[in-house]
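K.L.:
In the order they appear, the protein sequences are chains A and B.
Here the first sequence is numbered in my numbering, starting from 1 and rising by one per residue.
Here the second sequence is numbered in my numbering, starting from 1 and rising by one per residue.
Keep in mind that the hints were calculated from the coordinates and are not lab data.
Do not take every clue at face value.
Which chain B residues stay away from chain A? Per the calculated CB distances, all over 10 Å, these [to be verified]:
| hint | residue |
| --- | --- |
| 1 | Arg4 |
| 2 | Tyr29 |
| 3 | Gln82 |
| 4 | Val241 |
| 5 | Ala260 |
| 6 | Met299 |
Below, simulated SDA-like cross-link-like pairs (lysine to any residue); rule was C-alpha separation at most 25 Å, straight line [unchecked claim]:
| hint | chain 1 | residue 1 | chain 2 | residue 2 |
| --- | --- | --- | --- | --- |
| 7 | A | Lys759 | A | Asn77 |
| 8 | A | Lys224 | A | Ala888 |
| 9 | A | Lys687 | B | Ile25 |
| 10 | A | Lys687 | A | Leu593 |
| 11 | A | Lys744 | B | Ile25 |
| 12 | A | Lys744 | B | Leu18 |
| 13 | A | Lys146 | B | His203 |
| 14 | B | Lys78 | A | Leu593 |
| 15 | A | Lys909 | B | Ile25 |
Keep in mind it's a predicted model, so treat the numbers as computed, not measured.
A virtual CB, placed ideally from N, CA and C, is assigned to each residue, including glycine.
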Amino acid sequence: MTSDARSQRPIASLANVTLKYGAVSALDDISFEIPAGCMAGLIGPDAVGKSSLLALLAGARKVQQGQITLDGGDMANARHRREMVRKVAYLPQGLGRNLYPILSVRENIDFFARLFGQDTEERKRRIDRLTKATGLHPFLDRPASKLSGGMKQKLGLCCALIHDPEVLILDEPTTGVDPLSRRQFWDLIDGIREKLPQMSVLVATSYMDEARRFDWLVAMDDGKVLATGTPEELLQKTGTATMEEAYIAVLPASKRQTENAVIVTAKDVPVQDDIAIEARDLTMSFGNFTAVNDVSFKIRKGEIFGFVGPNGCGKTTTMKMLTGLLAPSAGQAWLFDHPLDPHDLATRRRVGYMSQSFSLYPELTVRQNLVLHARLFHVPELRIRARVDALADRFDLTGVLNALPPRLPLGQRQRLSLAVALIHSPEVLILDEPTSGVDPVTRNRFWRHLIDLADQEGVTIFVSTHFMNEAERCHRVALMNEGRVLAVDTPDALCAQHNADTLEDAFIDFLNGDEQVAPPPVTVATKTTAGRDDRAFTFPSFGRIASIARREQLELRRDPIRLTLALVGSVILMFVMGYGINLDVKDMRFGVLDRDQTALSREYVQNLSGSPYFIEQPPISSPAEMDARMRSGELSLGLEIPHGFAADIARRRPVEIGAWLDGAMPMRAETAQGYVLGMHAHWLGFKAAQAGMGELFAGPAVVQTRFRYNPEVKSLIAMVPAVIPILLMMIPAMLAALSVVREKELGSITNFYVTPTTKLEFALGKQMPYIALSTVSFLLLTLMAVTIFGVPLTGDFVTLFFASVLYVAAATALGLLISSFMRSQIAALFGTALITLLPAVTYSGMIDPVSSLEGPGRIIGAIYPTTHFLTIARGVFSKGLGFADLGAPFFALVVTWPVLIILTALVLKKQER
Amino acid sequence: MGLRNIAHLCVKEMRSLLRDPVMMILIVYAFSLEIYSAAVALPETLNKAPIAIVDEDRSPLSVRIADAFYPPFFLRPKLINQAQMDARMDAGLDTFALDIPPGFQRDVLAGKQPAIQLNVDATRMTQAFTGSGYVQAIVLGEVQGFVQRYRDVSVPPVNLALRARFNPELSNRWFASVIELISVVTMLSIILTGAALIREREHGTIEHLLVMPVTVTEIMTSKVLSMGIVVFVATSFALTVMIQQVLNVPIAGSLGLFMAGTTLHLFATTSMGVLLATLARSMPQFGLLLMLVLLPLEMLSGGTTPRESMPEVVQFIMQAAPTTHFVAMAQAILFRGAGLENVWPQFLALAVIGSVLFALALARFRSTIGDF
């Protein structure tokens, strides 16, 4: 096969490719060719540039310098990339990183199939075949989040193979997968390749034992290519027996000296007899699922105790119980003879914990992370510096103390995690899969550190792993599967029990005995015709939009809390705000400083206190008192009736009543002003009529005021049609606001990069479910307005309905635009709140008409969609209008949505930079 | 509680925030331009109200009336006919339409007290309420002045001298700038604390904290404290630079007292942020919860419409919202120059609400640890 492979033209070639992240270069002037039709492997430790190289080849990352040719075309050319996405399948690094965790196995594959335009029949056939081949068929309805690591990778593979790719790019597909699943995975790939001999497979791996499987290899280090060729050639050239040794042999001389392939084990480290950790009958149930079932073991002081088993077997849960993060459902644990108490801060100081995922603060530098943890563990301030320096020196972190962790290679990050766990010199270390995803050289060094710790400092180490060669280095191991401990013994004894040469064989034997796992039959794919959809890619495809919309909709439906919040929340808000917002001024508290104290002055006051607008408070006795009471806000209006009020009126001498209004809230003061003047005029007229002097007080003309559209001037009738637009802006925008930035944070955005989805299709598809949900919300709110609030809908409902669809489309597009623009979810949240709350409430004419606004608010108000929908809502609800009258605002909405969506498409990036 | 732990965690929170440049830009924007544009957007009292006049009289008096409406209170009146009036009001072009009947001047001079019809678009609440009073006063004033040239009409013997205190010009800019500041303070403090907690949960770092000799109380206090400090600093800037200097709003009372009240308010809102974050299971859920909480806080706290006019149920419920007390306190101190002897009830209310929210958040935080 290898000689065949080399005779063909290359599937990919790289010429002087360089890639930099900021100042750090990931790939440094790389040139080589990959032969077609074979399985080519990129080998080397972590962060030497393998992932970057594959992402460039897959078109997921933008080419910076140099030229990459894949299948005869330049990958810097957008047109060629659009063609290649049909031929290439890409499985990014990280377990299930491109999967949608809350969707089921079937739905995940179905999503990809629809993106490639396959019809129902074809999708069903392919899903059936792929899941049967991978052994996932029985789990079709299980959510991806509930799959083990190995199953997740198989599902990823199904998704990748759905469109019969000609090039399959797998980035560390078996990292973090247990040995049994790893074997099955490679058998599966072999089976596929037998059926599809033309397919080129490019794989990155840091497992050197896997390298033997590849037809052709590229050994990489530090962004450079060390060697290329078949495995045999490499072994011959270096004169070594294993790939691991061969790799070390091709390393530059300077590096080679520090590496050494000697395997260290814990066998020579003495162990004391005292018990450090004891678990007795520990059980942990989540609902009806038992994650850990009746687990018991004892770990002695100074022992390195290994915990081995496939992903999802309960290792992490057991460890969390021992750190006090989880309270066990049953059973108990002891730490240094003390029953474990999560509230006991003193024991926490004796334990160091390193969790499975890298969980240090990405925004703090290496030094800041170390110092923070030292301080939190109360390492004396004077000793922190020395301690940090010592650990940095020990774990070779001195050169990167001021770097941010996300920029570091995984191996360095793991060493940082270990350094952090050791900062307070704990007596017990609990390490949850500390080396998963770390290359063998780094792992070897890591283990040397662990053994040193146990040997020189007597630290007890409880470590979980799925690498069997790591388990072999422990004093004792516990084999775990499906929540139960199968056996606890020394590695040698376990091997002996099963007559196995290696622990890996012994473990697989155990597992087979435990659950009768047979490798699934490999009966993949006869060659089928390529996907049907060969149309030009630049036009939006309804099928792909529908596919993205379907997936988004499924995710929304699986999150009933979000659905309920969106629908019920709008209804509640409508209630609170519809009833609550009232621009009318009622119950103004006023007090009177009556210096006259006559029947007439009291009559004047009664005139005011008898109205529903004013409530009289106890009388005021002095100007100073009036001042104080108004200052405290108790009085909103103060009246002063002068001495001789009644007498002066009788003598027809001019009299002046003083009135002071609280101007702190101008709107209220203005309305109140009108009422006070009105009441005063009313009193004058009344007195005049009483005295038969009507003419004296009556004016020469009358103004009859007619309040139109809302004759009783009820706030409710004016407010409800204004509250609906506000709710339909804020909630839909917030629904859409996290949809893109979340995919960016969680990694599934890669699917958008490497499938034939255009930016416009992506944006439109994401919007659809939110538009539908918000339209339902609109109907609900309108129904409420008419029935519960009794707001008459006097105009044309059809106009209102179509306007509302356009409006929620604009609102969700606004959220999507923010989402595409922002990098973090927090910024997206705050940005959305800022860009919706103020413009919708203040600039859109709900309280003050847009025409009377000033400054930037005026401009925002003029183009903001809420303004236009508010005009339509008020027109249809209160003014009895239809489409003919509302053409202008309707047209504005028709324009707003496409503008926002096109902006979103422009901001979205089709490749990572 | 270990004060040292809290201090160390606070430093960590601040450093994390500083690494998010987009967020920093948004914060600066919110406390400067956003407040500025909200303050200048709202018209000074009645501003540029659109008015149309149907003049069926075409007399010197009716022309005099039409001339009396001019900016800034009103836009120059459009002279229209009866048929246009309805269409223009339907389209929302005019808030007011004045219909002067034929023979108006003649009837006035004859002492027949003729009626002018004023049509008001009542869906435009504020302009409708304040504006109709103005229109009446202007029309009657013009008629009175006109008549006085022909007849001797005595001044009414009882005059009402009405003045507004604390903001004599009834400038909306004063009020709007402070209300927007309150709105931004509330929004940011809830989002910062809540999202910071959810992010720690999504990145798994919270687990790391929980295995260290650090208590849940310390973790929560550090979040409340650090984000409170960030917003406090931003508020001081906005108040002294934006509101006092740029917008020229005179502050009547003590800034120190106001900032003390702000501290209590921040204690309540940051605790609320933590509480919401423990209720939400993911960032998208938190986003929706946020909207459900922010809208009532913004609309019903007395900053947008007067509290006294709300139904009593709503008034009662909103007593539990920190913004209600903060708005009342801000008005009293900043505009009316009130001292602690006046605003202690609001201080007390904020302290109680803050403590209750803090305790609730802490209890929720503890009970949800297992779910992280």
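K.L.:
If a hint holds in the structure, say so; if it does not, say that too.
P.N.:
Going down the list of hints, with the structure as the test:
1. Residue-level check failed: Arg4(B) sits 7 Å from the nearest beta carbon of chain A, not beyond 10 Å.
2. The Cβ of Tyr29(B) sits about 7 Å from the closest Cβ of chain A, inside the 10 Å cut-off, so the non-interface label is violated.
3. At the 10 Å boundary, the C-beta of Gln82(B) stays outside the reach of chain A, the nearest C-beta of that chain being 14 Å off.
4. Chain A leaves Val241(B) outside its interface by the beta-carbon criterion, the shortest separation being 18 Å against a cut-off of 10 Å.
5. In this structure Ala260(B) is separated from chain A by more than 10 Å, as the shortest Cβ-Cβ distance comes to about 17 Å.
6. Not every Cβ of chain A is farther than 10 Å from the Cβ of Met299(B); the closest lies at roughly 6 Å, contradicting the non-interface assignment.
7. With a CA separation close to 17 Å, the supplied pair Lys759(A) and Asn77(A) stays within the 25 Å bound.
8. As the CA atoms of Lys224(A) and Ala888(A) are separated by approximately 62 Å, the hinted pair breaks the 25 Å bound.
9. With a CA separation close to 63 Å, the supplied pair Lys687(A) and Ile25(B) exceeds the 25 Å bound.
10. Restraint check for Lys687(A) and Leu593(A): the C-alpha separation of about 22 Å stays at or below 25 Å, so the hint holds.
11. Annotation: proposed proximity of Lys744(A) to Ile25(B) holds, straight-line Cα distance about 20 Å (limit 25 Å).
12. In summary, the hint linking Lys744(A) to Leu18(B) is supported, as the alpha carbons are separated by about 21 Å, within the 25 Å threshold.
13. Taking the CA atoms of Lys146(A) and His203(B), the gap is near 19 Å; set against the 25 Å cutoff, the hint holds.
14. The hinted pair formed by Lys78(B) and Leu593(A) fails the criterion: a straight-line CA distance of about 46 Å is larger than 25 Å.
15. Between Lys909(A) and Ile25(B) the alpha-carbon distance is near 22 Å, which keeps this suggested pair within the 25 Å criterion.
Hint compliance for this structure: hints 1, 2, 6, 8, 9, 14 are broken, all remaining hints hold.
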